[in-house]
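K.L.:
Quick note, the sequences are listed as chains D and A, same order.
Note that our numbering numbers the first sequence so that position 273 is 273, with each residue one more than the last.
Note that our numbering numbers the second sequence so that position 183 is 183, with each residue one more than the last.
Everything labelled a hint here was simulated from the structure, so no lab data went into it.
These figures come from a predicted structure and were not determined experimentally.
Backbone N, C-alpha and C fix where the C-beta goes; we use that ideal spot for every residue, glycine too.
Treat each hint with caution, since some may be false.
[What the hints assert, rightly or not] Not everything, but these chain D residues come out facing chain A in the computed CB check (under 8 Å):
hint	residue
1	Gly-112
2	Phe-122
3	Val-125
4	Ser-132
5	Ser-242
6	Leu-296
7	Arg-301
[To be verified] Which bits of chain D does chain A cover? Going by a derived footprint, with three or more residues having C-beta under 8 Å, they are:
hint	segment
8	98-109
9	113-120
10	282-295
[Unchecked claim] Sample of chain D residues lacking proximity to chain A, with all beta carbon distances greater than 12 Å (derived):
hint	residue
11	Glu-147
12	Asp-196
13	Leu-232
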Amino acid sequence: MKPQSMGQAVLIGLALIYLASLYFMSSPVWMGFTINALIVAVVALAWNITGGFGGMASFGHAAMYGTGAYASAILQVQYGINPWIAFGAGIVAGAAMGAFIGALAFRYGLKGSYFALVTLAFAEVLRICASSFAITGGGSGLQLRLEPGLSTLQFNDRSVVYTILLVIVALVMALTAWLKYSRFGAYLIAVRENEDAARALGIDTYRIKVKAMAISGAFAGLAGVLYLQVWLFIDSAVVYGSAISIEALIGPIIGGAGTVWGPLIGTLGLHLLGEGAKHLLHNAPGLNFVLYAVVLICALRFLPQGLMGLAARIGTFRKKEDDNA
Amino acid sequence: MTSLILPAVLSGLTMGAIYALVALGLTLIYGVLHIINFAHGSLLMLALYAAYFLSFHGGLDPYLAIPILLPVFFCLGYVLQRWVIAPMSSGSEQNVLLVTLALSMIIDNLALYFWTSNTRSVDIPYAYNTVEFLGAYLPLGRVIAFLAALAAAPLLWLFMTRTRTGSAIRAVAIEKRGAEIVGIDVNHTYAVCFGIGAACVALAACLLLPTFYVTPQVGYTFVLVAFTTVVLGGMGSLPGALIAGLLLGVIESLCGLFLGESLGQIGIFTAFILILLFKPSGLLGRRAA
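I would like the entire structure built from these sequences, with the hints used as guidance.
P.N.:
Laid out in structure tokens, this is it:
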């Protein structure tokens, strides 16, 4: 998690300064905007586990994100379950959905484009189901009753929400760092680099990949529940739509896939860019996505390791081995 | 209920022919370039808008727009592959997928910006004249689309098997380096292939517009169906795409009949997941994933 070069230290420093400065700006607009960006950053961190470390690029992280959000919302709205329990259930549901998709896809040896397409198809099936059945509120979605308080996990004060999100993002990043340097992380990276060789060395690659999908699903489910608790409303297009799947993969790729800080930095950077463009272009709908796409293409061409990879090459600290933070 | 099944099957077949046509382009691109073109649906959306504007401002019947849009979209596809997708993806399969995804985001959102999300359709009264066939009443526009798509598939197949360009494309698909050694310009062939894919989409758009509508989001719906068609037919198989397209049209129509209109597409995506899982080589595919 520690920076390996001057460039990375500056990049991480800038992100931290921006995040800290919000406490002094007292601007609800920026606060709301950054809260959204942090929720997306959690999905990006989720994608990073499978897409970054595991080399399995999913195009449908909305499947897990939406399942987390819907599981929690259904338990709270339809069954009156305690929000804390529903919060945990959302994470578990996300993990279960991730493991389910992974188990099916990897049992039949899907990888590369096939894996990307099957995840996309799962998200799409879930989206159509969620917009059609009564338990998910159909087309009109589900709305939580407004009851601010610690017991309901709803907070009026935006800076409290913001602080909680910062802590959660930090926790997810710490978990990511721990995973990366654990035995599991080494196995996962081995699978990415050369799956046949990894299997030949006795790694149960199927189990490793399904486990990665489950962890990734848990993070994505967590992000979905966070969205629900912050905005109190979900519908199928919002949580199962393709927009969140796309944002989940763009942030890490631009920030640096397979790094701990990359997903957060990429997501924050993109959202700032998108927000800036919105102000310049008078709120034109969809133009932020055009900008994201252009940045994505440029990153694929010119920054194969993302911003963190670029920064790693600027003012490298003395060190025996060079691996990205 | 049973009296409804035959009309549903027939109406599904007419929609399926359009799916097949869109998928023919996609499967050709996959079969030769081994890439999945995410921007395929966005090109369809662009072609629908082009046909719409030609009809709205120029008073041109969408069917008469075919000779204009076919070459235009061929050139567009050629340029996209040769000067955007190939240089930007540096050859990696995952990058190609992401570059075409980014292209589709750019095209879709620019369309949203310039043309708003309003649903537009052209007013061609004769397209809705009904044709009676086996007790089912089908809109004339759909019947024309069905027949044209059925005619386009063998034409494409003839092109691939009987012309020098077609032979070059097949040579590159089978053995890229070998084709290069015997003097085939691989980058040019790739771009030609992409151009043909885009031309298929333009044809599909002109046939579709009289009985359909256009919004900036329409491409996304179609690209998913097209992926399903390509995978079901066997990646890269032209006859496979034709059969799979027709089959999926029927599946969608029957699911719509039995489960309700909004769940019609569930059948398609469920089929997609099942095929990807159990038979990724598809109906007529030669190789497994």
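K.L.:
State for each hint whether it applies.
P.N.:
How the hints compare with the structure:
| no. | hint | in the structure |
| --- | --- | --- |
| 1 | Gly-112 | holds (6 Å) |
| 2 | Phe-122 | holds (7 Å) |
| 3 | Val-125 | holds (5 Å) |
| 4 | Ser-132 | holds (5 Å) |
| 5 | Ser-242 | holds (7 Å) |
| 6 | Leu-296 | holds (5 Å) |
| 7 | Arg-301 | holds (5 Å) |
| 8 | 98-109 | holds (count 5) |
| 9 | 113-120 | holds (count 6) |
| 10 | 282-295 | holds (count 9) |
| 11 | Glu-147 | holds (32 Å) |
| 12 | Asp-196 | holds (15 Å) |
| 13 | Leu-232 | holds (26 Å) |
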